[in-house]
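In order, the protein sequences belong to chains A and B. Heads up, the first sequence is in the numbering used here, so the first residue is 1 and it goes up one at a time. Heads up, the second sequence is in the numbering used here, so the first residue is 1 and it goes up one at a time.
Derived from the structure by calculation, the hints contain no laboratory data. Hints are not guaranteed to be accurate.
If chains are identical, the list can't say which one is meant, so a pair holds when it fits in one copy or spans any two.
[To be verified] In silico EDC-like links for lysine to aspartate or glutamate, alpha-carbon gap of 20 Å or less: (1) LYS92 / ASP317; (2) LYS92 / GLU290; (3) LYS92 / ASP28; (4) LYS25 / GLU290; (5) LYS330 / GLU171; (6) LYS92 / GLU320; (7) LYS25 / ASP114; (8) LYS260 / ASP317; (9) LYS330 / GLU182; (10) LYS2 / ASP114; (11) LYS260 / ASP185; (12) LYS2 / GLU27; (13) LYS330 / GLU252; (14) LYS92 / GLU30.
Number of protein chains: 2
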Amino acid sequence: MKETPHLTFDLDTPGVSIGHLIVPKGEDYEALSLPVISINKGDGPRLLITGGNHGNESEGPLVARRLVDWLPGSQTCGRVIIAPEINPLAVKAFTRSTPVDGKNLNRVFPGRADGSVSERIADAISRVLLPTADTVFDLHSGSSIWDLPPSVIMHPVVDADLMAEMVRVAEAFKLPVTLVWEHPDTAGMFDIVAQNQGKVLICTEFGGGIVSASALAIYEAGVRNALIALGLVEGKAEHPIFRQRQSSQTLETRLSDELKSPARGIFEPRCSMLDEVKQGGLIGVLHSMESLTAQPVEICVPTASIVYGIRSGGYVDLNEAVTYLARPRKV
Amino acid sequence: MKETPHLTFDLDTPGVSIGHLIVPKGEDYEALSLPVISINKGDGPRLLITGGNHGNESEGPLVARRLVDWLPGSQTCGRVIIAPEINPLAVKAFTRSTPVDGKNLNRVFPGRADGSVSERIADAISRVLLPTADTVFDLHSGSSIWDLPPSVIMHPVVDADLMAEMVRVAEAFKLPVTLVWEHPDTAGMFDIVAQNQGKVLICTEFGGGIVSASALAIYEAGVRNALIALGLVEGKAEHPIFRQRQSSQTLETRLSDELKSPARGIFEPRCSMLDEVKQGGLIGVLHSMESLTAQPVEICVPTASIVYGIRSGGYVDLNEAVTYLARPRKV
Chain A
1 MKETPHLTFD LDTPGVSIGH LIVPKGEDYE ALSLPVISIN KGDGPRLLIT
51 GGNHGNESEG PLVARRLVDW LPGSQTCGRV IIAPEINPLA VKAFTRSTPV
101 DGKNLNRVFP GRADGSVSER IADAISRVLL PTADTVFDLH SGSSIWDLPP
151 SVIMHPVVDA DLMAEMVRVA EAFKLPVTLV WEHPDTAGMF DIVAQNQGKV
201 LICTEFGGGI VSASALAIYE AGVRNALIAL GLVEGKAEHP IFRQRQSSQT
251 LETRLSDELK SPARGIFEPR CSMLDEVKQG GLIGVLHSME SLTAQPVEIC
301 VPTASIVYGI RSGGYVDLNE AVTYLARPRK V
Chain B
1 MKETPHLTFD LDTPGVSIGH LIVPKGEDYE ALSLPVISIN KGDGPRLLIT
51 GGNHGNESEG PLVARRLVDW LPGSQTCGRV IIAPEINPLA VKAFTRSTPV
101 DGKNLNRVFP GRADGSVSER IADAISRVLL PTADTVFDLH SGSSIWDLPP
151 SVIMHPVVDA DLMAEMVRVA EAFKLPVTLV WEHPDTAGMF DIVAQNQGKV
201 LICTEFGGGI VSASALAIYE AGVRNALIAL GLVEGKAEHP IFRQRQSSQT
251 LETRLSDELK SPARGIFEPR CSMLDEVKQG GLIGVLHSME SLTAQPVEIC
301 VPTASIVYGI RSGGYVDLNE AVTYLARPRK V
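Same shape as in the complex, but just chain A (with noise of 0.2 Å):
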């Protein structure tokens, strides 16, 4: 008989479980036993939190870490199943994509049972574990590639009452940034397949570049600030100190606020994440790897923006994106 993703232990016993979730093997791989425990304290919300969608984003599983240290010793009410690494072979080699398959598993779901592996994670997440929940925490980051701002965002969805939600649960992690992000490349997005069930998906982006104990404790401090608002631990929410300030925004990226390289070279960055720049405003230039007599070419913005995200200086192709502009958000 054909093995079915399962979990190694019953979600409905009361208090902490510890197991894995069972991908089952397929052509291309063995099978895989994800980490995951369950903290089952009654009726409440039910959450579900994962991490290591993409390998080089590393905050996601040390935050989850962080959580199954404290978190059953605090939450008071409701279930909240934690996964730290969804993708454990990207994870361990540090990349973006599954080595396997050569697949993006946050463009792979819901997945499929009988497809590549990258497939049969999600199809073993969508199957097993986000039925569990209400709300869904996926955390991302930056990589370090991409100068971003602690934040959270949230891609646009049609029904107006669960963006309001979102919205909602996306800034009570106070974080500095809250982003409703009108993306390019969504299909096969987890955002999509859980928001099409009715569920609040939270996405972090935890800030890009180097992991550091600093940087750990901005994002397990918007974690737990949402996990307050959400009524799952006692505590008082506080805005972690971000570059020696205490704020928030609510902002908003449209598609062509992706700004690409107009050719090949050596991008420099000329501001920063979160600088605000005027129209026809310089944000980077890029050298000819070819010659030192080309002239840079400038890139510049189309209209008075704040920068949300901006890549690590270094090679790019032609049409590869360098920057993501944002303005405030207009309900």
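Starting from the structure of chain A, add chain B where the hints point.
What follows is chain B alone, placed relative to chain A:
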């Protein structure tokens, strides 16, 4: 007739010359043309500046290009030769080693004319560029994996006079740290080949993580300070501001100061670069990826130390370096 490595212009030409260093083709790859600028203002110091030795350290190529922009108008004497990216194949691939032959360019010096492409690059640098200079700045950084303070490092050399001169030039950068690093793996380094010829080779380690506009400004200021100290440009040297402070310290790191992972797992940093840690103090922990019941493995410091570099959080194998400690240098 077999082509030999050469410059496309005459180094004795006064003023600014721009062209290429030709690395001949070999069995594994075509000929390379590395952009080079020479700023020849007559008698005075003879300096070579190289970037892009490791392809995933983009700070060097970008700082070098900033110098290309302003140094021709500011240099008052001597000759400066700048090669912003000596390993363009690795820069384009954003990898430490050269993708064609899998070799670390900074471990194959002085190179071989009939070797693989990394060895041919090293040979061209060693035979054509290195003889033109008394002092070399090889611009490195911590890549996206290591959290390092902006620093200038050198490996200890037996010649006491050369050592003193290297420390003097290194301290002239006025970056937060000058480090004398007893490194376990120096065979084939550009440093060693240059030092064996009595040259002052300064290796910058321009921090790690996101290559941002503000980070680049610090690194450029450091190089400018050193150019002032060498007498190549006029001006007043100033400590760049790093983390709201203007300060420098000279440290040393010994072989025993490298802390390696005692197991495989997800490394969680618990302290930050430049933290002072007491004997037995916690550096970080390793989390098992297989189970959430396993106790995290603690990594502690054997003796009171300053943290020079700490690895960004993420998956590590057994025996990977996770921290480099340091202590004030004893002269």
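Here is how each hint holds up against the structure:
1. LYS92 / ASP317: between (27 Å within a copy, 9 Å between copies)
2. LYS92 / GLU290: between (35 Å within a copy, 12 Å between copies)
3. LYS92 / ASP28: Classified as within; 17 Å inside a copy, 31 Å across copies.
4. LYS25 / GLU290: between (48 Å within a copy, 17 Å between copies)
5. LYS330 / GLU171: Within one copy, since 15 Å is at most 20 Å while 52 Å is not.
6. LYS92 / GLU320: Answer is between: at 13 Å across copies they meet the 20 Å cutoff, but 26 Å inside does not.
7. LYS25 / ASP114: within (9 Å within a copy, 48 Å between copies)
8. LYS260 / ASP317: Within one copy only: 10 Å inside, 36 Å across.
9. LYS330 / GLU182: Answer is within; shortest intra-copy Cα gap is 14 Å, inter-copy 57 Å.
10. LYS2 / ASP114: For LYS2 and ASP114, only the intra-copy Cα distance (10 Å) is at most 20 Å; the inter-copy one is 56 Å.
11. LYS260 / ASP185: Intra 15 Å, inter 40 Å, cutoff 20 Å: intra-copy only.
12. LYS2 / GLU27: So LYS2 and GLU27 pass the 20 Å test inside one copy only (13 Å; across, 51 Å).
13. LYS330 / GLU252: Close inside one copy (8 Å), not across copies (54 Å); limit 20 Å.
14. LYS92 / GLU30: Answer is within: at 16 Å inside a copy they meet the 20 Å cutoff, but 34 Å across does not.
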